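Dock chain S against the given chain Y, drawing on the hints supplied.
Protein chains: 2
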Amino acid sequence: MNGAESLVHTLLKCGVDTCFVNPGTSEMHFVAALDRIPGMRSVLCLQENVVTGAADAYYRVTGKPAATLLHCGPGLANGLANLHNARRARSGIVNVVGDQATYHRPLDAPLTADAEGWARPVSTFVRTVLSSNRVGEDAAAAVQAARVPPGGIATLILPSDASWDDGGIVGTPLPVAIAPSIDPHAVRHAARILREKKNVLLLLGGDAVHAASQRLAWRIAAMTGAKLMTELSNARTERGQGSLPLERVPYPADAAVKALAPYDHLILVNAVPPVGFFAYPGKPSRQYKEGAGLHVLSRVEQNAEQALQALVDELGAPPAEIPGNGPKPSIVKGKPTPEDLATTIAAILPEGAVIVDESVSYGRGFFRNTHAAAPHDWLQIMGGAIGAGIPLAVGSAIGLHAKGAGDRRVLALQADGSAMYTVQGLWTQAREKLPVTTVILSNRKYQILIGELASVGANPGPTAMNMLDLGNPDIGWVKLAESLGVEAAQADTLEGCADLMAGSFKRPGPFLIELLI
Amino acid sequence: MNGAESLVHTLLKCGVDTCFVNPGTSEMHFVAALDRIPGMRSVLCLQENVVTGAADAYYRVTGKPAATLLHCGPGLANGLANLHNARRARSGIVNVVGDQATYHRPLDAPLTADAEGWARPVSTFVRTVLSSNRVGEDAAAAVQAARVPPGGIATLILPSDASWDDGGIVGTPLPVAIAPSIDPHAVRHAARILREKKNVLLLLGGDAVHAASQRLAWRIAAMTGAKLMTELSNARTERGQGSLPLERVPYPADAAVKALAPYDHLILVNAVPPVGFFAYPGKPSRQYKEGAGLHVLSRVEQNAEQALQALVDELGAPPAEIPGNGPKPSIVKGKPTPEDLATTIAAILPEGAVIVDESVSYGRGFFRNTHAAAPHDWLQIMGGAIGAGIPLAVGSAIGLHAKGAGDRRVLALQADGSAMYTVQGLWTQAREKLPVTTVILSNRKYQILIGELASVGANPGPTAMNMLDLGNPDIGWVKLAESLGVEAAQADTLEGCADLMAGSFKRPGPFLIELLI
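Quick note, the sequences are listed as chains Y and S, same order. The first sequence begins at 11 in our numbering and counts up one residue at a time. The second sequence begins at 11 in our numbering and counts up one residue at a time.
Next comes chain Y alone, as it looks inside the complex (with noise of 0.2 Å):
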């Protein structure tokens, strides 16, 4: 058995079954492996940022990690723009790496680059292996490490010999680390805070906002009196009919700080104290109160649902009934608001369907105006790097299916200058027939950079328009998806696009909608 059998019987030994490829040279012998080794569903994408972003939501939806396959350093820079996002997400990867054969890496080959000082920011383990009979022992290591809660990236690089050479031994599967244990005194902190305290907020952040931990925090809040809201961005929050109609801290500084001024203490469910995307000439950083109290209840490596339980069970608070989403609307006609959008998006979503929102400045309000939609999932971009939203449809929609739940939907709210990052993915939609629509919002410029523009007080002129208008010429969606073997039609009405979307819902396949806004 050579290293790179190992390393495939490894990983599936450990679980790890899904791998998103972009294979090179230097991975010919692990591509040989999967080919003789049965277990592993290989998923090819045509840039790497397709692979690493499908491995997060891949992670977000099934709690599982995949594996990625990548060439070189190289290969690994162009997926650190969703591995950093991924990071945000706390998403666990085993993230492999093929690389120059040991003993070649000194000869500085043109392609060799520092493949582990790319990796370092953003991965919780790196590791180089240094011969055949480590690779299966060090491709263990990497998946506990990528199983670490909240969820790590492990990065593996593997030299082309390691792969090659004989003398492979199967790793063992190592203990998967469990989630520190709430601390009492936190929870006794917390519940003092909400009896004793007026304009108290939880502040809900990464397992919190699961249906579950909602439901225990409602508990909370119905009886102290104390609000909830959830962190601007977060990795999948489950809502809709039967969940909270949750509120997030707003995107625009001066909404958030607004948002946040009533509040005199803030207790932390696996959140962080918000403080604004950028900073911006004369407003504040940090966005809650000045002097407010900051209460952690629990870490995000913790488990928020044991804290909030912990929380109610100190408080004594009784069972409490979820409020009402309000009735489920019906789809509105006419031109695109980014209210009636929502609001038709809300009419008609399958149950169970999982959003991917990388609607960026037009979408603000998607998230507000669709409560009262059927259950379902909701993925943010998480850590702002753009370019995640197709992406993560692949590795939603992979990660469904792996957990059987390949009927479910998947429904991408993408803007159009954020879509053209990352548009390879696409062909991975087509080829592995992914149950996705994606709506591009195409206004055909950089929206959010002219209202950025704007709030730095500058009005744009011919110049800076030409770096934010996305026109001249213009993207034809249509032509682009077909191109890549995804059929797509345009709209340019609410009603024509519910019917695309209602339409594409009982495909099986990938579907996109131009919606001109």
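Since no wrong hints were added, every one of them can be taken at face value.
Incomplete in silico selection of chain S near chain Y, CB under 7 Å: (1) Asn88; (2) Leu90; (3) Leu117; (4) Pro120; (5) Phe287; (6) Tyr431; (7) Arg441; (8) Asn482; (9) Gly486.
Calculated cross-link-like contacts (lysine to any residue; reagent style SDA-like; alpha-carbon spacing at most 25 Å): (10) S:Lys443 <-> Y:Asn453; (11) S:Lys23 <-> Y:Gly471; (12) Y:Lys74 <-> Y:Arg144; (13) Y:Lys443 <-> S:Gly471; (14) S:Lys74 <-> S:Glu248.
Derived by calculation from the structure, the hints in this document are not laboratory data. Values in this document were obtained by computation on a predicted structure and should not be read as measured data. Note that CB positions come from ideal geometry on N, CA and C, so glycine has one too.
Okay, now just chain S, sitting in the frame of chain Y:
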């Protein structure tokens, strides 16, 4: 004057007047400054690897650095692969990366990342500006660093408050470093080897593949009987009618060893000892004969022409007529083969064209079969990070225009798999109406990897082929190009391709040909 304005003024004063941009929020003051201050050509690209690849080619064509504008760590990450290629091309680039405000950075907002850490492996200079009054001097230092021979990537990280704060001071241009002078001992030593030894190869790299150096090298070869060869990859080779029909060290490992086997001595002229692009089991990493003498005439940071002139003088080598390339060939008809396609290109290539070669496996023989074309420049992908071709074509065209040669045509010979990594660059070709003809060599598979898999002793089964096959679905290159604003057509014969190429050479803007091979 704010910091951003001082940056634009400093860059212009230092002779940097072209900026390839993909801006974000933290760069809005720089965008606003570009709006207010005339003189900088700003070229928008829709993904960062297009930005950096274009800047690489701009330097190769003009000998002057361009600036980039990238958005925070993840924006830099998206451009690292072509910065890797640019580093291997030894191109000078002033690589400007916007970042979080200095005081905001410690708060670890979602987009915060280790831009310095990611920049370092590709940069000869990394500096984060500390305040607005330092922007000018730091920018001048970055331009100086980018121009240190042979050229380097100078990464300037610009926190947003350093941009927006007042107090900007225009930096003073710093002296441009001159190349280290030629070592007389090295010249005498090389002359002695050439006089006394047999089986000597002059291996040309870097600037030694430019026309003037070639002529000097030929005088040496003609006098001494030494042979000439260039490195496998060269940033810009001047060739065609009137130049030497130089051969390169071949890419395939066995062919390289065979080509170098006759030589007992290698005289390195701005070249490094040839090593394999990758290692292969049982094959040597060093491709020259074991025990061959390695003699350094000049290093990459020295001036090859000066070194060769000194060697000509030392030897007293008389003027020698350059061997002919034979007559310009005629186009070939019928189904494409690599040799016939190269012959056809040689027949119709307009004088002064720039060929960008990312033809990978199909194009191995293109170079050899185009010696007889009209005089032209040949740009290669230097670091093996695929996805260079379309961006290099963008930067070549912008560079030609900047030096008053905007009527020269760029011909990109582009493998289909590699093209997908940076396909976004076609949009910039359309927007800027660049005179670029792209020939997509459409075989709908990662052909090189199928060969590599065979060369490691494995025949691809269905799982492997699923990772190496780009069909299912086929990429529709004509539609894809059109969706991004580039007119396009398909050809499946050489005469069809020749007609489309010839037609495109008369057009002002870009054109794409999908050649089914």
